[in-house]
Each structure stands twice: as C-alpha cells, then as structure tokens.
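So you can see what is in the structure, the chains are spelled out below.
Number of protein chains: 2
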Amino acid sequence: MSEYIEHDKNRISVGIVAKQFYSFAEPPDEMVLESGAKLGPVTLAYETCGALNSDKSNVILILHALSGDSHVAGYYKEDDEKPGWWDVMVGPGKGIDTNRYFVICSNILGSCMGSSGPCTINPKTVLAYGLDFPVVTIGDMVKAQKALLDHLGIRKLLAVVGGSIGGMQVLEWCVRYPEMVSAAIPLATTVKHSALAIAFNEVARQAIMADPKWNHGDYYGGPKPDLGLAVARMIGHITYLSDESMRLKFGRRLQDKSDFSFNFNADFQVESYLRYQGKKFVDRFDANSFLYITKASDYYDLEKQHGEGSAFKAFAKTQAKFLVISFTSDWLYPTYQSRAIVQALKKNGRDVSFCEIEAEWGHDAFLLPNERLSALIRGFLERVFHESRK
Amino acid sequence: MSEYIEHDKNRISVGIVAKQFYSFAEPPDEMVLESGAKLGPVTLAYETCGALNSDKSNVILILHALSGDSHVAGYYKEDDEKPGWWDVMVGPGKGIDTNRYFVICSNILGSCMGSSGPCTINPKTVLAYGLDFPVVTIGDMVKAQKALLDHLGIRKLLAVVGGSIGGMQVLEWCVRYPEMVSAAIPLATTVKHSALAIAFNEVARQAIMADPKWNHGDYYGGPKPDLGLAVARMIGHITYLSDESMRLKFGRRLQDKSDFSFNFNADFQVESYLRYQGKKFVDRFDANSFLYITKASDYYDLEKQHGEGSAFKAFAKTQAKFLVISFTSDWLYPTYQSRAIVQALKKNGRDVSFCEIEAEWGHDAFLLPNERLSALIRGFLERVFHESRK
Chain A
1 MSEYIEHDKN RISVGIVAKQ FYSFAEPPDE MVLESGAKLG PVTLAYETCG ALNSDKSNVI
61 LILHALSGDS HVAGYYKEDD EKPGWWDVMV GPGKGIDTNR YFVICSNILG SCMGSSGPCT
121 INPKTVLAYG LDFPVVTIGD MVKAQKALLD HLGIRKLLAV VGGSIGGMQV LEWCVRYPEM
181 VSAAIPLATT VKHSALAIAF NEVARQAIMA DPKWNHGDYY GGPKPDLGLA VARMIGHITY
241 LSDESMRLKF GRRLQDKSDF SFNFNADFQV ESYLRYQGKK FVDRFDANSF LYITKASDYY
301 DLEKQHGEGS AFKAFAKTQA KFLVISFTSD WLYPTYQSRA IVQALKKNGR DVSFCEIEAE
361 WGHDAFLLPN ERLSALIRGF LERVFHESRK
Chain B
1 MSEYIEHDKN RISVGIVAKQ FYSFAEPPDE MVLESGAKLG PVTLAYETCG ALNSDKSNVI
61 LILHALSGDS HVAGYYKEDD EKPGWWDVMV GPGKGIDTNR YFVICSNILG SCMGSSGPCT
121 INPKTVLAYG LDFPVVTIGD MVKAQKALLD HLGIRKLLAV VGGSIGGMQV LEWCVRYPEM
181 VSAAIPLATT VKHSALAIAF NEVARQAIMA DPKWNHGDYY GGPKPDLGLA VARMIGHITY
241 LSDESMRLKF GRRLQDKSDF SFNFNADFQV ESYLRYQGKK FVDRFDANSF LYITKASDYY
301 DLEKQHGEGS AFKAFAKTQA KFLVISFTSD WLYPTYQSRA IVQALKKNGR DVSFCEIEAE
361 WGHDAFLLPN ERLSALIRGF LERVFHESRK
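Residue numbers (the working numbering), protein chains in the order written: chain A, 1 to 390; chain B, 1 to 390.
Source of the hints: derived by calculation from the structure; they are not laboratory data.
Note that the structure is predicted; figures quoted are calculated from it, not measured.
Watch out, some of these pointers could steer you wrong.
Pairs count within a copy or across copies, as identical chains cannot be separated in the list.
Stated by the list, open to error - Under the rule of at most 25 Å between Cα atoms (straight-line distance), these lysine-lysine pairs were calculated in the PhoX-like manner: (1) Lys-213 <-> Lys-56; (2) Lys-143 <-> Lys-77; (3) Lys-304 <-> Lys-124; (4) Lys-77 <-> Lys-390; (5) Lys-249 <-> Lys-304; (6) Lys-56 <-> Lys-390; (7) Lys-213 <-> Lys-347; (8) Lys-38 <-> Lys-257; (9) Lys-224 <-> Lys-304; (10) Lys-213 <-> Lys-224.
Model the full assembly from the supplied sequences, consistent with the hints where possible.
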C-alpha cells in the first residue's frame, strides 16, 4: 500500500488501540499447511476496535494486503504520527462504523508484523526461521485466522472485508468456512493472479534474492538486503499506481531543480518518490516476508482448486452476500478480473452486487479516502446487518 | 526488444553483412553534447544493405531501440543462428525492400555494440570510461548519426524509420535536420516519456546500481553487475509485453512440473521466461549502457524544447511526410501518445498518416512478423519514393 495518504490527526478515530497476540498449534499439535509441512507454535498478532454486541452478531473481519498489519485503525499512542492503514474507512461513523460493528484485524501468517513468519524464532533452532519457514498459502493464512476466531469465541462473521491480497483471503473465507460468513466485500482482487501480476512479483523477488546481503534468506543478526528490498518495493509501487495517476501526481516535473542533472541522480519527482518509498520500506518490512507473501498470492488460484469456466464450483457452497468492488485505473487487478468473480458467483446463484468505482489512483484507490466507496460499504453492511437480524 | 522471435534460416534475407565503423570528432575538435560536455573521438558502428542508387535518392536510415544494434538484417556468417533484429521487415521484397532501397543502421551513441559508450576506452585515461562517459541525449545520438551520413556522402534521406527509442530518434531527425528527411515512420513511440515510463526505467537503473559489483560504474576488468542488470532486463521485459500477451503466452502454466514447488524456484512459465531473458541479456549487454540509454530516453522531451499544447512548434520546420504507427496493446507508449504526435503534426500542417494496429503483443509488436505492418510500411515508402522522384 502507498504511504502518501495524508491523515488528519484531529479527525475522528477509534482512538487508542493495542496489538494483541494469540499463539496456538503447540507441538506436537502443529498446524498442517497446504504444502503438507507442519508449523507450530503459530502466533497471530491482531487488533480489535468497536464493541462486540451481546449476540456476537456484529463482527467484521478485516484482512490486509502485502505490507499491511493488524493496525487497521486508531493509534497506539497519543503522539503517533499516523493512524492504522485503513483509518479512512474504519472508525466511528465511517464506512465500517465502529459504533455499530466490532472489528477484528489479524496480521497474516508469513508477515513480519507480529505473526509467525520467516523473521520469527524457529523453536527447533532458537534462531530466526529464514527460508526454513514453510511456504504458506492464502488458505493457510485463513485457516490460522479461523483458529484465532475460535479462540475469541466468534462463530459467525457479519462480514469479511479486504482488498488486494486481503481480497483473496475474503474469497477464501467464503469458500473454506461458508457457514461462518454472512457477507463479503472483496475489493480490487482476483480469484487468481494473472501472468502479469506473477511477473511483477517474480521480478521483485529476484531483486531481493540478487542482493548478496540476502544470503539465501539467512541475514538476521547481520546486514539486511535493504537495497534489494527497496527495488522490490519500487516495483510494487509502480503497480499500485497507474499511467494516469502518475501523470497527475508527477508528470515530468523535476525534483528540486530547474534542469536535468546529466548524471544518475534523481532528476524527476517520480524518481525521488520511488527512491523514498523504497528506502522507507526497508525500515519496517522484512525481505523474506516479502518473498513469502508474494509467493502465496501467486499460488492463489480458486479455479485450479475448484474448476474453471462453467465448471467453476468454488462458490457453490458459499452462503455470503457479496459486494465486489473494482477501480477503473487498477491495472494490477483490472476490472475484468472482478467481473469474473461476479460471473462465477452468479453462476452459482449467489446474491452479488458489483461496483466499478471511477478512480484515477490505480490499485491503491481502495486505501484512499473515497466518499463513494465509504457510502457503498456502509450501505451494504447496513443491509446485511439488518437482514441478519430478521 | 524481446528475443523469442523465431527466425527461419531458410527464408529470404539480405545475406551476409558486415559491421563497419566510423570515427570522428578527434580532439581538439570534440563533439559538443547537449549537456555542454565534450566527447571525442566518437565512433559509430553501422551496417548497410541494399544498393545506393545513382542519385542517392533511395536511402533509408533505420534507428534502433534500447538494446538493439547496427545489425538490422541479414547474417554476419553463414552459420549464424539468428539474423539482425529487424530481419522480418528489412530484406528483398520485405516491408523495407532492399531490392529498392539502400538501408543504413547505426548503433547509437552510448551503446555497447561498437559505438562510443561507457564501456569503450577513454583516450584520456586509456581505461574504459565507466561513469566518466558523459550523459548523452537523443539529440546527441542523432547529431552523431548526421556526422556518419556526411561521411557517407548522404545528403537526403528518403525515410527515417524506428520504433520505441528509435522512434524518438526519428522525430528528432525530422526536427533537427528538416531539409534532409523526406519521410518518417515513428513506431510505438512518444514525444516525451510518461511518468510511468520514467518510473520503470528508474527502478531498472536502481536494480543495477544496487548491485555491489556495479561499483559506481567501475567494473570493467572485474566481475560485472550481472544480477542487477538481469533484474533491470526483467523489468523491461514486463513493459514490452502486456497483460493480454502474457495471458496468451504464459497464463498460469507451470514450468516442467505438475504442482507448486513450495519454495522460491520458478514455478510458473512466466517466471522461467523472465529469469532466462535476464540471464541471457547480461552476456550481450553492458549495465552502464543500460543506464545511459534509458536516461537519454527519459530526458527526451520535444515539448520542453519547443513548447507544448497549442504552442507545440517542434514540427513547424519539418518537411517530412509522416506515417505514425501505434499498437493497441502497447502500454509503454500507448496509442494516446502516438495520437498526440499526430495532432501536433497536424497543427503544424504536416502530411501525416496514422495507424493503430490491432496487436496483442504489447510494445514488442513492432518487432514481430506482421503482414499488415509490413504492407503499410511498404505502401507508404512506395508513395514517398514515387513522389520524391516527380
């Protein structure tokens, strides 16, 4: 996700939140992964906001994308500069109204934001896993989230909501635990990565693995592959924007100069922006987690698992009502991929609404303030909440 | 350009060609570059095919893109596996018919294919230039080509033809030496790089510069920044294709396996393809040349030099007839950028034809066999050749 979103510290938010942790699958009862490998113990970092109602019918699970975390809204401390990553959507009176709903957001398996991943300690070696961490899938991430919800005593989700890789988890939740999900909002996502999306991820992974400091994933305690990870992040940032959004945001404007430098420093604002985003990312993200999460997203393929075209049975058992949302300028998961989700849902007789939102900000659009998007989500949630209580 | 084009060794070609060299601008008469820096001596590698007619009225100058060279058509030796990079277009009876026209193709300044560039010897130090090579522009490349034509006694060009960065040189030729150019065919190009195109180039450059073996450009005689250059090339290859072409060419097919590896090897064919293209490229191309040529293309901006919008005067003095060609699936230089060229030409009262060719192969389409493209170019050249002899 981009980080140029400007937040107003004075506006309404859920206030102070705390990161929590849940560990399970203690050996010898490890979690069995899709690959067949076992992992345990498994820790998930998570946060909640809003209040759980008495019949536990107001739970919304929010699922994050590649570089996100459990910190979906609010602040950890009074003087935090930035709120959670979807504070524009989640809070009192917002699209996902924390006055009405109880929100849970869990950091995904494989990440580096508090959950088990390659940078956490392998109990067998008492060292960071590195590449000994098993390759996990979107299904594994969802299975771990289910364990967390069991622990929290949540048996029913009013809605699962998420964009991008978070949207894949939304779809997986509906398919894997159909009886638990009343409504689903997959944003800017797909049932399977296109060759183009795989290509971008692969080149980003190659950039990391080309950095000698990556050292086959074994760099914890030593110098990190910051240069490789920065390049990987820059590639990502290009895919999150669009031709149009870059033209509007940067055009050919020069950065702090009136003419070309005639050297290899950054001349253009877009170059400066990318360099800055790359540099900033390495302070907060782990290169191996980048490898694992992008691989999980490349592997995700509801058609491979459940049949494609007219045989598309992935959604046959789902019970959720769907609101599928795409953005006109998203070229990582273009609208035709959301339409494919909608068609597959309709073939299976599901209750599905679809909206393509006019937005010039590319794939990132779902993270940005957008009153139309907020209103759409607010209205859909009101309807399903009302219907679920009939 | 891509390298998956399959060539038929038995088909018609211009036959055996030889790379030639021309050196000029011997000190103290160095070439003055756009930056103000001086360069000399300057060497250009070039090749010719077809025969110059008696009044020298059948000369076509072909201008190559980023990774091209002077070897536009034919073979160096009988047992060469591959012909020149545009053999599908240039040869007897082809779109650019060497039975009728005398073709010249010069390697660009800054390249590593025989012309002066960062990997050639700096006479002052008797070592490779590295980053001491001055940053050159598209204008500098064209100015050097003009010196070559003077040397060859060519005063008039029937046509200048080129795609991508070669197309920028086409436009620059028409603007800089209007009296010399009768016709121009810019393919899949632009008057200025978009922020998106700059972004891709910048990330590719960062990948090279992140490789410790790059060593600030000083690696000649030591290990080369192959890993960084390979990543840069992979980024390029994504931009040369398109969502559609990658879906058709690769989809989600696995490479030599029936299921996922659950590790970080290449699972998908598109990953294998990119890794292969990256690896192959480093054997034939110089990382510093990649930096210099991409920078030249980012700097190119006819609007900055000549005014934009209704004040667009770049083409005011051009005398050439234009055939502007774009490709539907090219998202590096999308059709709207070719339309902008056409509009600017029309504003200046030029004779311009425009064709957007339906093609699923993205930016690379201009290099691939395409009978419609060949027929279009053949017909246009016949017309201008006929008119030039009236």
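(request) Up to 25 Å between alpha-carbons, please classify Lys-143 paired with Lys-77: within, between, both or neither. (result) Neither way: Lys-143 and Lys-77 sit 31 Å apart in one copy and 61 Å across, limit 25 Å.
(message) As a check of your reading, is Lys-224 near Lys-304 (CA-CA no more than 25 Å) within one copy, between copies, both or neither?
(response) Answer is neither; intra-copy 36 Å and inter-copy 41 Å both fail.
(message) Within, between, both or neither: how does the pair Lys-56, Lys-390 come out at a Cα-Cα threshold of 25 Å?
(response) within (15 Å within a copy, 88 Å between copies)
(message) When Cα atoms must be at most 25 Å apart, do Lys-213 and Lys-224 count as within-copy, between-copy, both, or neither?
(response) both (6 Å within a copy, 17 Å between copies)
(message) If the cut is 25 Å between Cα atoms, do Lys-304 and Lys-124 qualify within a copy, between copies, both or neither?
(response) neither (34 Å within a copy, 62 Å between copies)
(request) Give the relationship of Lys-213 and Lys-347 under a CA distance limit of 25 Å: within one copy only, between copies only, both, or neither. (result) neither (49 Å within a copy, 55 Å between copies)
(request) Using 25 Å as the alpha carbon limit, work out where Lys-249 and Lys-304 are close: within a copy, between copies, both or neither. (result) between (39 Å within a copy, 18 Å between copies)
(message) At most 25 Å between CA atoms: does that hold for Lys-77 and Lys-390 within a copy, between copies, both, or neither?
(response) Classified as neither; 40 Å inside a copy, 82 Å across copies.
(request) Since the copies are identical, ignore which copy is meant and state whether Lys-38 and Lys-257 lie within 25 Å (CA to CA) inside a copy, between copies, both or neither. (result) Between. Shortest inter-copy distance 23 Å satisfies the 25 Å Cα cut-off; intra-copy 55 Å does not.
(request) Evaluate Lys-213 and Lys-56 at a C-alpha cut-off of 25 Å and name the case that applies: within, between, both or neither. (result) Close neither inside one copy (48 Å) nor across copies (59 Å); limit 25 Å.
In this structure, the earlier hints numbered 1, 2, 3, 4, 7, 9 are contradicted, and the remaining ones agree with it.
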